[in-house]
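Visitor: Sequence:
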Amino acid sequence: MLNKNIIIGHLDHIFLNLYIDILINYCKCKETDLCIVSLDEDNYTKSLHLGVPVVHYKSIDASDLDVSKSITAISLNKNNAFYLEEVIRKTNSKNKIFIHLTDDEVDRWVKTKDIFGKLKPTKDNHVDKHVLYVINNIKNVIAPECYFKDKLKYLFDNRSFNFIDGRDAFKSLPSKLWEELSNLYDGNSSHTKPENRILLGGKKEVFSLSDVISIINFLIFKSKIDNLKLMVFTDSRRKRYRLWLDFYLSCLRRVKRCKVDISYPTPTNSIAYNAMILSCSHFVLQNRGSLSTARSYISMGVGRVYVMKDSPNDIELTMAEGVDVGRYVDYRELAIKIADNRIDVKKNKEIINSRFKLKYKNLSSIYN
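The sequence shown begins at 1 in the numbering used here and counts up one residue at a time.
There may be inaccurate statements among the hints.
[To be verified] BS3-like cross-link-like pairs, simulated, lysine-lysine; straight-line CA separation at most 25 Å:
{"no.": "1", "residue 1": "Lys111", "residue 2": "Lys151"}
{"no.": "2", "residue 1": "Lys149", "residue 2": "Lys120"}
{"no.": "3", "residue 1": "Lys259", "residue 2": "Lys229"}
{"no.": "4", "residue 1": "Lys69", "residue 2": "Lys58"}
{"no.": "5", "residue 1": "Lys113", "residue 2": "Lys229"}
{"no.": "6", "residue 1": "Lys123", "residue 2": "Lys153"}
{"no.": "7", "residue 1": "Lys337", "residue 2": "Lys361"}
{"no.": "8", "residue 1": "Lys229", "residue 2": "Lys193"}
{"no.": "9", "residue 1": "Lys118", "residue 2": "Lys78"}
{"no.": "10", "residue 1": "Lys69", "residue 2": "Lys361"}
{"no.": "11", "residue 1": "Lys69", "residue 2": "Lys46"}
{"no.": "12", "residue 1": "Lys78", "residue 2": "Lys139"}
{"no.": "13", "residue 1": "Lys349", "residue 2": "Lys309"}
{"no.": "14", "residue 1": "Lys229", "residue 2": "Lys204"}
{"no.": "15", "residue 1": "Lys153", "residue 2": "Lys139"}
[What the hints assert, rightly or not] Computed Cβ-Cβ distance ranges for the label pairs, DEER-style:
{"no.": "16", "residue 1": "Asp107", "residue 2": "His10", "range": "15 to 23 Å"}
{"no.": "17", "residue 1": "Ser47", "residue 2": "Ser250", "range": "22 to 30 Å"}
{"no.": "18", "residue 1": "Lys346", "residue 2": "Leu48", "range": "28 to 36 Å"}
{"no.": "19", "residue 1": "Lys203", "residue 2": "Asp40", "range": "22 to 30 Å"}
{"no.": "20", "residue 1": "Phe247", "residue 2": "Asp42", "range": "42 to 50 Å"}
{"no.": "21", "residue 1": "Ile271", "residue 2": "Asn158", "range": "44 to 52 Å"}
{"no.": "22", "residue 1": "Gly322", "residue 2": "Cys251", "range": "40 to 48 Å"}
{"no.": "23", "residue 1": "Ile336", "residue 2": "Ile271", "range": "49 to 57 Å"}
Hint data in this document are derived by calculation from the structure and do not stem from the laboratory. Glycine included, every Cβ here is placed at the ideal spot set by N, Cα and C.
Model the full assembly from the supplied sequences, consistent with the hints where possible.
Guide: As structure tokens, then:
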């Protein structure tokens, strides 16, 4: 473990895999300088993952990490905090532990304090005594300060944290796959030009049926958009969602003579998922989640992103990343912004790609 950069986590965690990928391909880290400490309970024998050495946490003593260069965990929850606490107690490593904070976990912490007046373990917040110990004994967090500082101050008023601006430095595909996909779009070919289509949400059914109907109504009757084309990811097991929406659209066609083309794709893999999103000229992002997808979409310069004003995704995209998005307070304003179509996608592409480069630089300062 001497001078190794330790990554603690589960081997099948998508973010751990993408994180290691960018460390190797964009942050000048050698595979031999990294080491994964696996927390998987059912995988004791694997010795190599993505070219990086793997050791199982039960096969070593936590004190062995005392001689490492850095220790990183992707998120902080009761699935990894038990081991992080052991590392802190057995080593002098507080100052070289880095926690890659996620918006979801911090939001759960804030809601817990709102209700109980303090952060404490509950049934649904993924916090236990180990999480509380770790967060009170580390100072380095990989997260944008402008977004997380006030939340962490509210949670831990007597604590100060060192923020490293390197959160979510990865795209929504491994780097080499993304570069190949990006090369296809850089040519500005008619084969890759996005269709004039609006994507509603980056995940399955993040907009309710009533939300989708409201958006459609405002797009048709307020913004006067003809031949409206939409894409909505749905759960194939929930057929009523699509049946009711198709029934409503059928009524629009017959009664109001409105033509609405809607598709319900079911991506089979990451390539198909990204290709579907990149085929749309407008991306209405939900309030929380799918930020990696939104950043990747913006980095291609193919379309415009819209998000509810002051939502977590709005704050992170506008304050932390500095890109221009269509901010709206209601679906009427959303429809107007989509019709106006005024966002400079080329400028956004330059901004977000420069942000990726800055994050690579900041992460390189930790691991090199």
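Visitor: Does each hint fit the structure? Answer for all of them.
Guide: Hints and how they fare:
A threshold of 25 Å between alpha carbons decides the hint, and for Lys111 with Lys151 the separation of about 11 Å falls inside it, so the pair holds. Distance restraint check for Lys149 and Lys120: the Cα-Cα separation of roughly 20 Å lies within the 25 Å cut-off, and the hinted pair is therefore satisfied. For a cut-off of 25 Å, the pair hint linking Lys259 to Lys229 stands: about 9 Å separates their Cα positions. In summary, the hint linking Lys69 to Lys58 is supported, as the alpha carbons are separated by about 21 Å, within the 25 Å threshold.
Restraint check: the Cα-Cα separation between Lys113 and Lys229 comes to about 43 Å, which exceeds 25 Å; the hinted pair is violated. At most 25 Å may separate the alpha-carbon atoms for a hinted pair to count; Lys123 and Lys153 meet this at roughly 24 Å. Between the alpha carbons of Lys337 and Lys361 the distance comes to roughly 35 Å, so the proposed pair goes past 25 Å and is violated. Taken as a hint, the Lys229 and Lys193 pair is honoured in the structure, with Cα atoms around 15 Å apart against an allowance of 25 Å.
Simply put, Lys118 and Lys78 have alpha-carbon atoms about 18 Å apart, close enough for the 25 Å limit, and the pair holds. For the given pair, Lys69 sits about 18 Å from Lys361 by alpha-carbon distance, which is consistent with the 25 Å threshold. Our distance criterion of 25 Å between C-alpha atoms is met by Lys69 and Lys46, whose separation comes to about 23 Å. With a CA separation close to 19 Å, the supplied pair Lys78 and Lys139 stays within the 25 Å bound.
Note on Lys349 and Lys309: the hinted pairing holds, with a Cα-Cα distance of about 21 Å set against a maximum of 25 Å. Distance restraint check for Lys229 and Lys204: the Cα-Cα separation of roughly 18 Å lies within the 25 Å cut-off, and the hinted pair is therefore satisfied. Proposed proximity of Lys153 and Lys139 is supported: the alpha carbons are some 13 Å apart, at most 25 Å. For the pair Asp107 and His10, the beta carbons lie near 22 Å from each other, so the given range of 15 to 23 Å is met.
One distance hint, 22 to 30 Å for the beta-carbon pair Ser47 and Ser250, is violated here, with the actual separation near 58 Å. A C-beta distance of roughly 41 Å is found between Lys346 and Leu48, which places it outside the suggested range of 28 to 36 Å. Taking the beta carbon of each, Lys203 and Asp40 are about 26 Å apart, inside 22 to 30 Å as hinted. Taking the beta carbon of each, Phe247 and Asp42 are about 46 Å apart, inside 42 to 50 Å as hinted.
Checked against the hint of 44 to 52 Å, the C-beta distance between Ile271 and Asn158 comes to roughly 47 Å, which is consistent with it. For Gly322 and Cys251, the Cβ-Cβ distance of about 43 Å falls inside the hinted range of 40 to 48 Å, so the restraint holds. For Ile336 and Ile271, the hinted distance range of 49 to 57 Å is not satisfied, since their beta carbons lie about 34 Å from each other.
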